[in-house]
Structure formats: C-alpha cells, structure tokens
Amino acid sequence: MTASNYFDEMWGTEEQLRAPYRSVHDWITSEDPARLRAKQREAEELFRLTGITFNVYGKAEAEERLIPFDIIPRVISGTEWSRLSRGIEQRVRAINAFLHDIYHKQEIVKAGRIPQEMISKNAAYLPHMIGVTPPGGVYTHIVGIDLVRTGPGEFYVLEDNARTPSGVSYMLENRETMLQMFPDLFSQNRVLPVQNYPVDLRRSLAACCPDRTSDKPVVAVLTPGIYNSAYFEHAFLADQMGVELVEGHDLRVMDGRVAMRTTKGYKPIDVLYRRVDDDFLDPLNFNPESALGVPGIMDVYRAGGITIANAPGTGIADDKAIYSYMPEIVEFYTGERPILQNVQTWRCSEPEALSYVLDNLEELVVKEVHGSGGYGMLIGPAASKKELAAFRRKLKARPGNYIAQPTLSLSTVPIFSRAGLSPRHVDLRPFVLVSPGKVQVTPGGLTRVALKKGSLVVNSSQGGGTKDTWVLED
Amino acid sequence: MLGKTANGLFWMSRYLERAENTARLIETGQRIALTRLGTDDEEWASVLRSAGVLKGFEASGQALTKDAALNWMLRARENSSSILTCIESARQNARLVRTAITGEVWEAINATYMTNQQLLSRKVSERDLPAVLRQIRQNTALVRGMIHGTMMRNEMYDFLRIGTFLERADNTARILDVKYYVLLPSVDAVGSSIDNVQWESILRSVSARGGFRMEYGAGAGPQEIAHFLILDKRMPRSLAFCVSKLKDNLRYLNATAPRPSEAQKKIDQLERRYLLHDVSAIFDFGLHEYIQDVLRGLSGISRQIEIDNRFYE
Numbered sequence: 000m001t002a003s004n005y006f007d008e009m010w011g012t013e014e015q016l017r018a019p020y021r022s023v024h025d026w027i028t029s030e031d032p033a034r035l036r037a038k039q040r041e042a043e044e045l046f047r048l049t050g051i052t053f054n055v056y057g058k059a060e061a062e063e064r065l066i067p068f069d070i071i072p073r074v075i076s077g078t079e080w081s082r083l084s085r086g087i088e089q090r091v092r093a094i095n096a097f098l099h100d101i102y103h104k105q106e107i108v109k110a111g112r113i114p115q116e117m118i119s120k121n122a123a124y125l126p127h128m129i130g131v132t133p134p135g136g137v138y139t140h141i142v143g144i145d146l147v148r149t150g151p152g153e154f155y156v157l158e159d160n161a162r163t164p165s166g167v168s169y170m171l172e173n174r175e176t177m178l179q180m181f182p183d184l185f186s187q188n189r190v191l192p193v194q195n196y197p198v199d200l201r202r203s204l205a206a207c208c209p210d211r212t213s214d215k216p217v218v219a220v221l222t223p224g225i226y227n228s229a230y231f232e233h234a235f236l237a238d239q240m241g242v243e244l245v246e247g248h249d250l251r252v253m254d255g256r257v258a259m260r261t262t263k264g265y266k267p268i269d270v271l272y273r274r275v276d277d278d279f280l281d282p283l284n285f286n287p288e289s290a291l292g293v294p295g296i297m298d299v300y301r302a303g304g305i306t307i308a309n310a311p312g313t314g315i316a317d318d319k320a321i322y323s324y325m326p327e328i329v330e331f332y333t334g335e336r337p338i339l340q341n342v343q344t345w346r347c348s349e350p351e352a353l354s355y356v357l358d359n360l361e362e363l364v365v366k367e368v369h370g371s372g373g374y375g376m377l378i379g380p381a382a383s384k385k386e387l388a389a390f391r392r393k394l395k396a397r398p399g400n401y402i403a404q405p406t407l408s409l410s411t412v413p414i415f416s417r418a419g420l421s422p423r424h425v426d427l428r429p430f431v432l433v434s435p436g437k438v439q440v441t442p443g444g445l446t447r448v449a450l451k452k453g454s455l456v457v458n459s460s461q462g463g464g465t466k467d468t469w470v471l472e473d
Numbered sequence: 000m001l002g003k004t005a006n007g008l009f010w011m012s013r014y015l016e017r018a019e020n021t022a023r024l025i026e027t028g029q030r031i032a033l034t035r036l037g038t039d040d041e042e043w044a045s046v047l048r049s050a051g052v053l054k055g056f057e058a059s060g061q062a063l064t065k066d067a068a069l070n071w072m073l074r075a076r077e078n079s080s081s082i083l084t085c086i087e088s089a090r091q092n093a094r095l096v097r098t099a100i101t102g103e104v105w106e107a108i109n110a111t112y113m114t115n116q117q118l119l120s121r122k123v124s125e126r127d128l129p130a131v132l133r134q135i136r137q138n139t140a141l142v143r144g145m146i147h148g149t150m151m152r153n154e155m156y157d158f159l160r161i162g163t164f165l166e167r168a169d170n171t172a173r174i175l176d177v178k179y180y181v182l183l184p185s186v187d188a189v190g191s192s193i194d195n196v197q198w199e200s201i202l203r204s205v206s207a208r209g210g211f212r213m214e215y216g217a218g219a220g221p222q223e224i225a226h227f228l229i230l231d232k233r234m235p236r237s238l239a240f241c242v243s244k245l246k247d248n249l250r251y252l253n254a255t256a257p258r259p260s261e262a263q264k265k266i267d268q269l270e271r272r273y274l275l276h277d278v279s280a281i282f283d284f285g286l287h288e289y290i291q292d293v294l295r296g297l298s299g300i301s302r303q304i305e306i307d308n309r310f311y312e
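Residue numbers (numbering that gives the first Met the number 0), protein chains in the order written: chain P, 0 to 473; chain E, 0 to 312.
Quick caveat, the hints were computed from the structure, so don't treat them as lab data.
All C-beta atoms, glycine included, are put in the ideal place defined by N, C-alpha and C.
You may find that some hints are simply not true.
Stated by the list, open to error - Cβ-Cβ distance ranges computed for the label pairs, FRET-style:
(1) E:S59 / P:K385: 45 to 51 Å
(2) E:G102 / P:T78: 34 to 40 Å
(3) P:R40 / E:G209: 39 to 45 Å
(4) P:T52 / E:G148: 22 to 28 Å
(5) E:A140 / P:G462: 37 to 43 Å
(6) E:Q116 / P:K263: 34 to 40 Å
(7) E:Q291 / P:G303: 56 to 62 Å
(8) P:S22 / E:Q91: 40 to 46 Å
Isolated chain E (complex conformation):
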C-alpha cells in the first residue's frame, strides 16, 4: 500500500477519535457546570485544556465563558481540533484513501460529515446540546462499526487501529495530566463533595463510571482511579490497554520482517518503563512527571510510525 494511503488512514481514524473524545469532554464539562459545584469558568478552562485546545482559545482573544468554550470546541473553524473541523479532516482523509476503505465505511463517514455540517451550521443552544452530542457520538460509532464489520484485517485496518489508539492514549493521558492534582493522595479531602465531583468528571470523560464502580466498589478513591485509567488492561481507554493494542497492530504490520521496527522498539520501551509498575510507584515518581513522560513517548512513537512507513517522501 502507498505511504500516502497509510498516512491518510492513520489521520482519518485519529480525527474521528478526537471528535468523539471532544464530544465526551464537552458532555462532562456541561454536567459539572450543571451541578454548580465547581466554579464555572475554571471548569471550562480545564475542559479546554483536557481537549488540548486551551492555548488556541486564549490566542483567539475571547473571554472564557461557557458559550465561547462550547463554540470553540464544537464548531470554531480556527480550531483545528473542533468537532466540525475534525470531521471535515476525517472526511478529507477518507476521500484521499477512498480506494483503501470499503464503500460502507466511506458512506458512514460521508453521512457523518453531512449530518455534522447541518448540526453545527449555527450556534448550538444549550437546549439542543445533549441531542447534538449524542448524534455526533452515534455517528462516529457507526463509522467504527462499519470499519469493524466490513474492512479486511490487513495493513489498512492496522493503520486505522494505530491512529485510533494513539489518539485515545493521548486523550486519556491529557485528562490525567489536567486533573492529576485531584488524584494526589496528599490532598486530604476524601469524601468532600468537590472531590467527588472531580473524580466523577474524570470517569465521565472516559465513559467509565459504571465500569469503575463495578470493579472497584463505591468506596474507592484517587489511587484506584489512577490505576484504572493507567494500568487496567480491561478498560478500553486506559493507557495500558491502548499501548497493548498499539503493540499488537505494529506487530501485525511488521509480521514478515526479520526484526522489530523502530516504532515497535519504542513502544516496547515505553511499556517496560512506564506500564509494568504498580500505581504507588507512579505516585512516588510523581504523577505529573510520569504523564508528561508518557505523552512525550507517545508523540515520539507517532513520528517513528510516519518514518517507518514512509508517510512522506
């Protein structure tokens, strides 16, 4: 397959995953704002930071209000990670790799794009927000389902998966990084309502409230949440899960080669260094420093995949 095609598939799935993550972050932010326990603006700044778009927002010169934050994440053209531009970029990449995806996948992406253009053609009112976000998540799920149900399990599929899990790992790591202070054991406010809200916001951002309760019980605290998001391989958005999927897909790609690719070496190294400890070791190391290291590692792997697979000339 062409290097350009691999690049297109990789970014198509990254953009789709990013759109979905952003929708989830907005839902969480809205939920927290509605409970009125956090101070509004602060919460939206933290949502923007989790989505990785706070700097761009600040540079746009707007005052940080709920409406402005929502609009920035949903439909600002100047924001290359807004849901509107993510879906446009995903479709653009899909057009570019039209021959590498099935007709069903293309139609699902195109339909997602068309609905999205409509949903986000004007400012979304607070009343419509839940329905709009639900629609967006359903659409991206449809695309994922079509990929799962109709694509051959070959290198094209591998690149789609690699894009998805790199983006997802990045997203989970950023959520942890923004909220790490809430998880520090030194903050001795266990049981206070503020902390409960914050923890819940973390779990909501990764759609994992139910799973967490089920596995860890109601009394669980920050240490367990950190373990859940970082090390629990059953949790489909945890760092350990994403990294293990990345490892698998990089291995499939390189199956016929006599030795591991550079990207494989890098991901093995990342796993050995950061994902084989228990959570207390991570706290000893420093949660913030740990997450920063993992984020750097992930972006290095992303670059290495581009080089290994000749994305560019």
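Pulled out of the complex, with its shape left as it was, chain P reads as follows:
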C-alpha cells in the first residue's frame, strides 16, 4: 500500500492541487524550510510553557506529555463544511431524541427498529434514568462526532462521542498557537473563528439550568483531579468559561441541592459540567468505592435540583453496536435520510456476521463495543498472525463485545516532517453544543493525525498528533 492509494486532501488522487489548499500551498513553498523548522520547535516550546499536556494512564507516577502539533493546517472549504455541519446537527438531534425515547416509551423498540436486548442488556444503559427527563430535555450538551474522509465528497462517521468528548482545548490552543506564530496567514485567508467556543459553552450550559434557577445560573466543571489524563482540559475550560473547577470532595448535597465549599460557606450549583464517568458520579447510587463523585447527587438530579452535563446514561449512544443502528435512528426520529454516512459495521453478536468477520479478519478493523482511545482494537491488515489468532479467540469467546468494520482508506493531509511535506492519515472531531431548541457546531474541530508513516491510528494515547483545522469562508 502506498500513499497514492489514498485521497490526499491537498493533492487529491491525481496530484492536482485542490482549491482549498491553494493559499496554504503557496505559503509553504515560499517559506524557508529552516524557518518553518524553527517555528515547529517554537510551537512545541509554547505548548510546554502553557502546560498543554496530557497525563498518560498506566504509569505509576502520572507523567505529563505533549501531544505533538503539526504546523500545516488542515483545510475544509465552506461548501464541504456546510454539508458536514448539517449532517452533524441532524445526527445530534437524532441522538438526543433516541436517548429520551429509550429512557421513556421506547417507541423505536416497539417499532421493531432496534432489538429490545440491545437497549436493556446494554452495560451503558442506566436504569436510574428511566422516566427521568433532564432539565430542558437535553441529554448530550456537548458532543464530538468523529469523522473520516475517503474521497472528495465522501465523509463517514466513525463514532459518536456523546458521553464526555475531550480534545476541544487542543482545537482552541492549536488555533491560538497558529495565530501567534503565523499571523500573516490569517490576514490572507478567511478562516472561520473557533475562539468563541468557551463563551458559547458557558451560555449553552447555563441555558440548560433547572427551571427554578434564578437569572444567573451557577456553572461548575467537575474533574476527577490533577492526575486525570485530561486535567489540563478541565482546568482550561473552567478558566476560559470563568467558572469554578471542582472535585468530588469540594461538593456535598445540602437541602436538596448540590453545593460547593467556598471560603464563605457552601454555595449551590445549578449546572455541573462533569468530566467524571457515570460510574464514579455518585457512590450512593453507582460504584460505592468512588471517591471522585458526590454522594446523593443522583437523587438531587432526579428531583430536578441540578443539571448534569452530559446527562447520566448518555454513554449508550457511544456504544459501537448502537452505532451500527444510527442510520435507522436518524430516520426514525427525524423522518429524513441521514446526511452523513455510517461505516459498514458487522455486529459480531449476530452469528452470520461473526462468521464473516472470522473469515475475513485480516482485512477488517475490530473494535470493542465500549472501547475508546484506540485501546483494545485490532487493525487486520497491520496485525501479525499471532495477534489475529488471539483476536479470533476473543471473538469466539465474547462475540457480543465486538463489532467489525472494513479498513477504510482514510484521507491524508501533509505534515511538515524532516523530509519536507509527507502525507499522513487524519480524522476529524467537530464539537457540538446542545441547549433547548439549539444545536451549535463549531466550524472545524480537532484534526488528529497519525504521525507514523502509513499508520491509521490517530489517538494521542497511541502516538498521534494534532493540527489546526480551518474552515474557509467561501
């Protein structure tokens, strides 16, 4: 497999410079490579100084690492984006309607579009949420939709992140870094801004406050703490929104509210943007061992005393088996054809699909239904005989735990490497804010790039990097 088998977003498949990249291409060719290399180093120093790091799991002592940043922007034309953003909005509306439905009447099950056991036996289905409607009816306040591209007009949704999508701080800092290092680029190109995200996020969260809240809702961000892999992002967002960053031990339930311990006593919170998983949210209702949560918060929540963003129980929409039903879900709730395509998916729980997957394993990508972060997956074409055999055993032992997809020819975008421009595979995570009656898609999103030549794995935990993502005003 050579890079030319793939669609390159700068060069297409025919080595013809594509229109959205014209100005970026002119810039790179006119720059002195030595200066660009110096700028690349400067960017890294900037990231280290600002502390834009993530902690790596599984180390005895949490280690702070930089996510590599590549200075060549990824460019999306205004026309391309307008279709994408309509598709994203449609999908996000459908996900919210789906979540409301499965925790209430389950019309979609009654209509025979999704099997009952897909819902009720799903580990991410939260019985505590049955019959509960979150304030404003919003389940997924913040969503990240992972997209991949395989051709000029071909975008696919790879997965939905409805639980706690992360990475938005990198989207913002990447832009900030580019603005600082190459201001001239932005005066030559009309790039849609992303910098309003924190203000929009605060507004969007505040708009989802419980009914009886006074005019100025108190918003806070709940973090598992300083050693969490995304702590930087939690602090960053709280700082940018101008709200408190709290941990479980700063909070307690008092008089039917959740309140934070301030220097002047306990102060009630209206909207909690939590970056703590469902399971750790409330030791009284979920994992009793959790020290990260707030005992009794679910009871306050069910009584309408606080908004939790995203709502508990939304994780089921991230489930990769549920994902395979997304085209049906979109049609069922919106009455429209899905604008964005799904990747063809084999549910290994179905015997026919399983036998196909086992027969064609070396060509497929296999994922755990609840997996994330690129952990626990198999990329058939890149796997050794031994790895394939091990995965066959896993599939046979717990077929319901896996789905399989064809290995996609992910598009490439050039990175600035030691050898000059080199194509590398990318994906895209746009970020979406949902409040009552409103869905906002930030133009662009986080582009993750596999820095290793030929690699299809873009996750930062697996050596991926990021790029600034431009949506041009056409």
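Starting from the known structure of chain P, arrange chain E on it as the hints suggest.
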C-alpha cells in the same frame, strides 16, 4: 471562591517564598564559608537550622559537610523544603488553582519549574552555584512580578499575599532564633571580626545589608540589627512589616463581614503583645523566648486561617 482554591493559592505562594529564602540562606552560608572566619561545619549547621531543615538532614544519616548541606537544601527529594521540591510543590498547587491565577502567572511558574528541573537535575558544582542561585531568585521574582502585574486585587490575591508574608515572617523569625546569641548585648565582643561576620550573615540572609547601613550607619551593633529585623516597618522582611501586611490582607478578605475573623483577632493580639514595644523591652523579656513566642503565634494564625476559610472539609 472554593476553600480548596484558597488553600492552593496560600501554599503556592508559601512554597515560592520558601524556595527564595532558602536560596538566600545558601548564598549567605557560602559567603561566610568563603571568608573562612567561621568554622565551616558549624556555619552550615546553622544555615540548615535557619532553613528549618536541620532535623531532617540529621535523620538522613549523612555527615555534615558543605556538599551534603548544599545538596540537601538545593535538590534533595527527601527534603520537602529543598528548592527543588518547593518549586515542584508550588507548581503542583498552581496546577490545582489554574483557574484562579492568570495565564501569565501560570506560565511564569511553569517556566520556573522547567528551568529548575534542568538546573537541579544533577549535583551543582561550587563553580556553578552562584549562577544557579541567581537564576532561581530571578525566576521567583518573575513569578512575583507577574502576580503583582496581572492578578486582580481580590480574595485570590489576598490569599497569595497571606501565604507570602506568613512564610516570610516565619523565615525571619527563624534566622533571628538561630543567631539570637550573636545579638545579645552580654556578648561583649563588639568590633571583633567574628561578630562582624555573624552580623553580616544575618543581614545578608534577609538581603538587607545596604538598607541597614544606610539607615543605621556603620557603627550600629546588635541592638539596632534586632530592631531592624523585628520592629522596622520599612524593612520588607521584618516581623513588624510582615505582620502589618498580614493584617491588611486578612482585613480585605473579611471586608464585608460584620465583625473581625478569628485570624484577625489572633494577629491583632500578636501585634499588641509583641510588636508595640521597643527593642530593649524585648531584650529584657529574653530574645530567644520572645522569638519562640512569635513563631508559635504565627503557626496558630496559619491554622486559624485554614479554619476560617474552609481550606479543608
């Protein structure tokens, strides 16, 4: 603001101040050792004691040499007050309160931390020592400057200031306590070179040689030095100065409350009892006993601030 945040700000500034004080104590110790008038080891023991780390050093079982003392104060991980661990703790607290400090303050602390990790990654040779210490003091000064220049004057700033002045008062009191015998009038060796060196070491430890000369003249002796370090409100490291700043900042914090906080009451009491006399009364009372009382008072105030402001649950 969160009680946890107040706690983080308070300790962030305490650790920064402590790192800077330790750098200054090391410089003084080195200076004295170089003049070769004091006996080396004795001087280093006194420097370690002034830094409040002698017990920990002794417990580590090392022989007291200049190298060992330097290493203990600069970069020993087992020493929670070494410059290396102080800066690490300051940064850890800064990460914890990232939303309460400006981006500039955070970057200054982070840069300080990064340079420090490099400077102190291996044993510092005698030749490099002056440059390393200078760098450390410049870095902490940069952080202080960023705090001064970019932070809102609100309760967050107040907690930073309170942490700074409690730590500084504590440091000055400890220097006085270690060297009190040099200042006693009964030691009748005025003019001897030993005493001159010792007095100079005290003044150097608080970066105040020039100021003292200017204000008190060349002929001044122990009584004036004691007055300068304890009661002179113009001197930014004197007990009276630190206490008056603490009073101010505790008052700002409590501005909207109908009555003074417990910590305010305690600091008023400390001031009334110990800082409104003249220096001869202090000598009559007993300098050592006096300093011990002040140190106890300061740590009581520190605890009271934690309680008043709900640092912990």
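Against the structure, the hints come out as follows:
1. E:S59 / P:K385: 45 to 51 Å: Since E:S59 and P:K385 have Cβ atoms about 50 Å apart, the given range 45 to 51 Å holds.
2. E:G102 / P:T78: 34 to 40 Å: 37 Å, holds
3. P:R40 / E:G209: 39 to 45 Å: 42 Å, holds
4. P:T52 / E:G148: 22 to 28 Å: The hint (22 to 28 Å, Cβ to Cβ) holds, given that P:T52 and E:G148 are roughly 26 Å apart.
5. E:A140 / P:G462: 37 to 43 Å: 39 Å, holds
6. E:Q116 / P:K263: 34 to 40 Å: Once the Cβ atoms are compared, 37 Å apart, the range 34 to 40 Å for P:K263 and E:Q116 holds.
7. E:Q291 / P:G303: 56 to 62 Å: About 58 Å separates the Cβ atoms of E:Q291 and P:G303, which means 56 to 62 Å holds.
8. P:S22 / E:Q91: 40 to 46 Å: 44 Å, holds
Violated hints are absent here; each numbered hint is respected by the structure.
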